[in-house]
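From first to last, the protein sequence lines stand for chains A and B. Note that the working numbering has the first sequence beginning at 19, numbered continuously upward. Note that the working numbering has the second sequence beginning at 167, numbered continuously upward.
Simulated from the structure, these hints should not be mistaken for lab results. What you are looking at is a predicted structure, and each value in this text was computed from that prediction instead of being measured. Please note that the accuracy of each hint is not assured.
To be verified - DEER-style ranges, computed between Cβ atoms:
#1 Val324(A) with Asn178(B): 57 to 67 angstroms
#2 Pro177(B) with Gly56(A): 48 to 58 angstroms
#3 Gly173(B) with Ser461(A): 32 to 42 angstroms
#4 His290(B) with Arg91(A): 47 to 57 angstroms
#5 Pro390(B) with Arg470(A): 24 to 34 angstroms
#6 Ala55(A) with Arg224(B): 44 to 54 angstroms
#7 Leu465(A) with Val251(B): 44 to 54 angstroms
#8 Thr566(A) with Arg224(B): 34 to 44 angstroms
#9 Gly56(A) with Gln401(B): 51 to 61 angstroms
#10 Pro177(B) with Arg224(A): 40 to 50 angstroms
Note that beta-carbon positions come from the ideal geometry of N, C-alpha and C, so glycine has one too.
The residues making up each chain are set out below.
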Amino acid sequence: MKPTNENNPEYYHKVVDCQYACPSHTPVPEYIRLIAAGRYTDAYMINWESNVFPGILGRTCDRPCEPACRRGRIEEKPVAICRLKRVCADNKDSIEDRLPEIPSKKNGYRIALIGGGPASLTVARDLAPLGYECDLYDEHAKAGGFMRSQIPSFRLPEEVIDEELGYILNRGGVNHMANTRVESLKEILDQSYDAIFVGTGAPQGRNLMLPGYDDEKTNAIRIGIEWLADIAFEHVTTIGKKVIVLGGGNTAMDCCRTAIRLGTEEVNVLIRSPLHDMKASPWEVDDARVEGIPMHENHNPKAYVVEGGKLVGMLFEIVDSVEDEDGKVKLVPTGKEVVFECDNILLAIGQENAFPWIERDIGVDFGEWDMPIVDRATFRSTHPKVFFGGDAAFGPENIITAVAHGHQAALSIDMVLSGQDPANRPEPGTNLISQKMGIHDWSYASLVTEDRRYVVPHANLAMSLKNRKMEVELGFDVQTAFDEAQRCLNCDVQTVFTTEKCIECDACVDICPVDCLTFTDNDEEAALRRKLIVPALNLSQDIYVSTTLPTQRVMVKDEDVCLHCGLCAERCPTAAWDMQKFDYTVTKAGQQS
Amino acid sequence: MSYSVPGFRHPNLPQNELGYTTKDYEGRVSTLCAGCGHDSISAAIIDACFEMSIPPHRVAKLSGIGCSSKTPTYFLGNSHGFNSVHGRMPAVATGANMANRNLLYIGVSGDGDTASIGMGQFVHVVRRNVNMIYICENNGVYGLTKGQDSATTDIGSVSKKGEPNALEPIDLCSVALQLGATFVANSFSGDKSQLVPIIQAAIAHKGFAFINVISPCVTFNNSPNSTKSYDYIRQHMASSNAVDFVPPEEEITTDYAPGTSEVVTMHDGSVIHLQKLDEKHDLHSRRSALTLINDYKAEGKVLTGLLFVDLDSQEIHETMNTTATPLRNLTETELCPGSEQLEKINEILR
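Here chain A stands alone, though its shape is the one from the complex:
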């Protein structure tokens, strides 16, 4: 193998699994250390800089960082990254004086942001401090998009949304055009904006037209996301005695848990596929289970049962999920049928993009599935002034992805309006600094605790089921947060090797608790991976290969389960190993050279 190129910023970035997996590449270990140090405001600002909504995301993030966390490959569970994020939001001081100044002298460019969700808000956050004038169009009275309308208050209190949106909307530079639904992109284009960002999400919940469907709109059958929005804006406050929720995603979980809080006596979740194929995040399923909500797998809806013009139930056929030769799962009817009684049905079977308001002759081209053609790096559509982001760009994802899109779109807009080619993406900012404080002393807590993941306390179940605004998760207290923070392995503190200093004494190999270091003859990657003390069989993790040593061998490090404990560097007599903190910052609008 060729020696590892440490100058490639992505090599060390990939070692920081959580940061690498995060769409916004938030420097997770850095803020976790700050939480451990009690510096909540600093930790919050690192988050705010990177993901804009730390308080919101600390409660609702899809947390791609957690399945990626190295700790999960060493013991059972990853660090509770998401819940630690909430700790810094809960415990911070005022951040008003740390927010970027919004210049009173504008740069002359006007930007239209369509849709008031996380993607548009991120673009506004990034561009307003640079002097752009942003017009944020939103159909609702309050901005926030699906963060406000779809996520129930018992998971995300309104105050948290109001606070974090306030840091963007109430500081100037952004004109929030509430209750203004955009019906024509052409009309916006005609207003001579310098750039337009479309962040309208995937607003259309999928309907299910089966025999017995209520065309008269008695509201007994509702699309889940629309129903949740009606609850959020308090247009709906009651529900029938028996409720069926169709679907196995997060929206289904939010629907069933909301229904219980509205006082329904019985709610059943019915899913076509087996339970283990549910799309919902495991923790959301767990929370629904704790609240006693039954979930029935392999139930395929066949018809609405209506008696005397009133919905009384739903007919399901029971299916078996069978894997065919190609490994595709097929649902095969078993012949058995069952009726579930109900007064209301909530459909949470997916959502789609919809752009009826974008004229097809104005230069914004549409491709497959009637989705706009959007560049994956620049987020620019085929119209040079129109950019897309969030769910509107490539279909339903999540908040943190929308934020990442927003950052990139804002950068593209700034580049275009500064006369730069947005395809020429700027490099990330990186830095590598030794953490050595003394002979055996590091600036980070290098000892690895064996504590298992701490559980977040929940509010009293009986009480929270009566109040849809009562937050279920209480968040870590400060001491538990410290203990949980100590579980972080500090993967951003990299093991950096200098071939020229190495005397091949084996001290690092001998001390490494997880046997990830090997001196060996070089070879092709596949062979080299098998030659290591413990073969490096996790191919998603890179192996580091040094340049050739005096004995013609190379030092090979399997990054997979490195504990970043620093013992290799501590036992190295020549400092050929050093622990160096790697900073990786996504270049945002205004930071490109």
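Guided by the hints, dock chain B onto chain A, whose structure is given.
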């Protein structure tokens, strides 16, 4: 300073026949200087015992005084141990072995502990052929007393102190050979591919197995003109043979060209497969081994490898016809057979 190693180990760590991983053979964290060759030897002992599936509780570690003699704390933490008086490890090992021949005895000593204060003990444990492994962690310097030359320092070798050594060194392998050691090897802490199979062969050997391991002292004797530095040994190391250890149950899979290899079946049925790197060398000839050591020395080279094995070795228990039962398992009736038996013995002697 890290005084402990994290408890986590690689999730895919292999298990041996006993279901143990190398973690079960580890000791406490070393307090020796970073980069000390002794730590590599500890790691090699761990590897050898793990691979041979030796039950840790059937091992006794013995040592004297010095940096080397601290190391038994750093390996086989689940085994028995005795840290004895300076240079007196052989006496304690002999006593322990006489009392219970069913344990595996690993003695660890250094060049000071063996070649100076313990020389008198060393020569006798060799000639008695006590069934044990004697590892001399030889760094040619008194590390614990801050770097004086030792009895194995080569003439002209310069340690951190800066003065060339003027006195003739003791070659411990030669001494052991001359005194009738039945297994003699020379190795280097920085070459585990050689050291681990040699330790395994020594474990399989019946009788006294002596392994001299050159183990650089990074703090006092890793200087440019030292003959026991990492660089010097790497540049001047020659090997009589490459050793491959094959446990009793396993099949020999390596193929060597005829005439260049030798298969040696050890006492316990395991096999060492030697790839001869020097054709002149006869593994079973004491004289050949001594000649070879001197020849390489004359060329300024350090000869390593398995130098001598006596497969007909008769260990001390066989020579003395002692009981096979550990003394602790003997009852009073067996230990004190009574005046009638004494009378019979006295009768023979009259």
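Cross-check of the supplied hints:
In this structure the hint that valine 324(A) and asparagine 178(B) lie 57 to 67 angstroms apart at CB holds, the actual value being about 58 angstroms. Restraint check, proline 177(B) to glycine 56(A): a C-beta distance of roughly 33 angstroms breaks the suggested window 48 to 58 angstroms. Judged by the Cβ atoms, the range 32 to 42 angstroms given for glycine 173(B) and serine 461(A) is violated: they are separated by roughly 23 angstroms. Evaluation of the 47 to 57 angstroms hint for histidine 290(B) and arginine 91(A) yields a pass: the beta carbon distance comes to about 54 angstroms.
The hinted range of 24 to 34 angstroms is not satisfied by proline 390(B) and arginine 470(A), whose Cβ atoms lie roughly 50 angstroms apart. A hinted range of 44 to 54 angstroms holds for the C-beta pair alanine 55(A) and arginine 224(B), which are about 49 angstroms apart. As the Cβ distance of leucine 465(A) to valine 251(B) is approximately 36 angstroms, the hint placing it in 44 to 54 angstroms is violated. For threonine 566(A) and arginine 224(B), the Cβ-Cβ distance of about 42 angstroms falls inside the hinted range of 34 to 44 angstroms, so the restraint holds.
In this structure, glycine 56(A) and glutamine 401(B) meet the distance hint of 51 to 61 angstroms, their C-beta atoms being roughly 54 angstroms apart. Taking 40 to 50 angstroms as the suggested C-beta distance range, the pair proline 177(B) and arginine 224(A) conforms, at roughly 41 angstroms.
The structure shown violates the earlier hints numbered 2, 3, 5, 7.
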